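> Model the full structure from these sequences, guided by the hints.
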Amino acid sequence: MKKKNELLTRAITGVVAVSIAIPAIVLSPFGIWLFCVIVSLVSFWEFMKGMLIEKGRYLWTALVGGMSVWILLLLDLFKVGGLEITSQSYQTIILSLLPVLAIVALFNKEEERPVETLGTIILGYVYVVLPLFLFYKISVPKGIESYNFAIPIGTLYLTWTLDVMAYTFGRIMGKHPLFPRVSPKKTWEGSIGGVIFCIGMGLLMDYFFPQEFSWTIISLIISIFSQLGDLVESMFKRSVKLKDSGKILPGHGGMLDRFDGMLISLPVIYLYVTCL
Numbered sequence: 000m001k002k003k004n005e006l007l008t009r010a011i012t013g014v015v016a017v018s019i020a021i022p023a024i025v026l027s028p029f030g031i032w033l034f035c036v037i038v039s040l041v042s043f044w045e046f047m048k049g050m051l052i053e054k055g056r057y058l059w060t061a062l063v064g065g066m067s068v069w070i071l072l073l074l075d076l077f078k079v080g081g082l083e084i085t086s087q088s089y090q091t092i093i094l095s096l097l098p099v100l101a102i103v104a105l106f107n108k109e110e111e112r113p114v115e116t117l118g119t120i121i122l123g124y125v126y127v128v129l130p131l132f133l134f135y136k137i138s139v140p141k142g143i144e145s146y147n148f149a150i151p152i153g154t155l156y157l158t159w160t161l162d163v164m165a166y167t168f169g170r171i172m173g174k175h176p177l178f179p180r181v182s183p184k185k186t187w188e189g190s191i192g193g194v195i196f197c198i199g200m201g202l203l204m205d206y207f208f209p210q211e212f213s214w215t216i217i218s219l220i221i222s223i224f225s226q227l228g229d230l231v232e233s234m235f236k237r238s239v240k241l242k243d244s245g246k247i248l249p250g251h252g253g254m255l256d257r258f259d260g261m262l263i264s265l266p267v268i269y270l271y272v273t274c275l
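Going by numbering that gives the first Met the number 0, the sequence shown opens with residue 0, and the numbers climb by one from there.
Please note that a few of the clues may not be correct.
Dumping the calculated DMTMM-like pairs for lysine to aspartate or glutamate here, alpha-carbon to alpha-carbon at most 20 Å [stated by the list, open to error]:
#1 Lys136 / Glu211
#2 Lys48 / Glu109
#3 Lys48 / Asp243
#4 Lys141 / Asp75
#5 Lys48 / Glu144
#6 Lys48 / Glu110
#7 Lys48 / Glu111
#8 Lys174 / Glu188
#9 Lys136 / Asp75
#10 Lys141 / Glu211
#11 Lys240 / Glu109
Derived Cβ-Cβ restraints for the label pairs, each shown as a range [stated by the list, open to error]:
#12 Arg112 / Thr167: 41 to 47 Å
#13 Leu97 / Leu203: 19 to 25 Å
#14 Ile37 / Asn107: 25 to 31 Å
Just so you know, these hints were derived from the structure itself, not from any lab.
Keep in mind that this is a model prediction, so the values were computed, not measured.
For each residue, glycine too, the CB sits at the ideal point set by N, CA and C.
Below is the structure:
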């Protein structure tokens, strides 16, 4: 009964989330901006807390730094004040955060391991925020007129296909552990089942919804790197004896638990799409 309730909760959460996210992304580039902001900052918060960085000044300084990048992207999207924001603007914000965080550490009398703390925050930016930034940039490469909602929708759909089918096959047929050192419950049967359906969906999307790029190749990237991303997050959580990154998504855990696979697959997808 408990497992059935968990499955029902998981399904309801998934349906509600998809019902909100998909229309928002399809209707406007602001939708993908808001999606990336929420996923990146909530996941970043969960990562920081999970890695035992609970000092308010660190968390808020780091979050303000991350949010400033997204504000610049929003201003650039709607060309507020005729602004033309270059890639150097984003680099300047990120680079300026390093000395700011170092100064925060300097005046924190309770900080005993500043290098470890600052290193974890920087890892959070690279691991969590950067992939969502790249996701936004391939969706909106040159302003509103360049917006192609097929890219984010297709990427999310293929990722969810992999996740759902891997979970389903794992529960029904799973016997052989995939990577027991960090994730004892994941199985080869689930992994292979997810890959077959993900690639199959990519082939169908190439036939019915062709783009300048290949959905099949993106499905291959997701099949490999999204599963590695899931294992990477499991490794991080296991290192601090954490079961879930949070509780914001009933049945799924935290935001980071839900989008962990994409954090590794998105940079590879970005490289593929932009290098065509």
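> Hint by hint, say whether it matches the structure.
Now for the hints, and whether the structure bears them out:
Restraint check for Lys136 and Glu211: satisfied, since their Cα atoms lie roughly 16 Å apart, inside the 20 Å limit. A distance of roughly 17 Å separates the Cα atoms of Lys48 and Glu109; the hinted pair therefore holds under the 20 Å criterion. Taken as a hint, the Lys48 and Asp243 pair is honoured in the structure, with Cα atoms around 11 Å apart against an allowance of 20 Å. A hinted pair counts as satisfied when its Cα atoms are at most 20 Å apart, and Lys141 with Asp75 qualifies at roughly 9 Å.
For the given pair, Lys48 sits about 38 Å from Glu144 by alpha-carbon distance, which is inconsistent with the 20 Å threshold. The hinted pair formed by Lys48 and Glu110 meets the criterion: a straight-line CA distance of about 16 Å does not exceed 20 Å. A C-alpha spacing of about 17 Å is found between Lys48 and Glu111, which places the hinted pair at or below 20 Å, so the restraint holds. The straight-line distance between the Cα atoms of Lys174 and Glu188 is roughly 7 Å, inside the 20 Å bound, and the hint therefore holds.
Our distance criterion of 20 Å between C-alpha atoms is met by Lys136 and Asp75, whose separation comes to about 12 Å. For the given pair, Lys141 sits about 17 Å from Glu211 by alpha-carbon distance, which is consistent with the 20 Å threshold. About 24 Å separates the Cα atoms of Lys240 and Glu109, which puts this hinted pair outside 20 Å; it is violated. In this structure the supplied range 41 to 47 Å holds for Arg112 paired with Thr167, their Cβ-Cβ distance being about 43 Å.
About 45 Å separates the C-beta atoms of Leu97 and Leu203, a value inconsistent with the hinted range of 19 to 25 Å. A beta carbon spacing of about 29 Å between Ile37 and Asn107 agrees with the range 25 to 31 Å that was offered as a hint.
Violated hints, in rising order: 5, 11, 13; the structure is consistent with all others.
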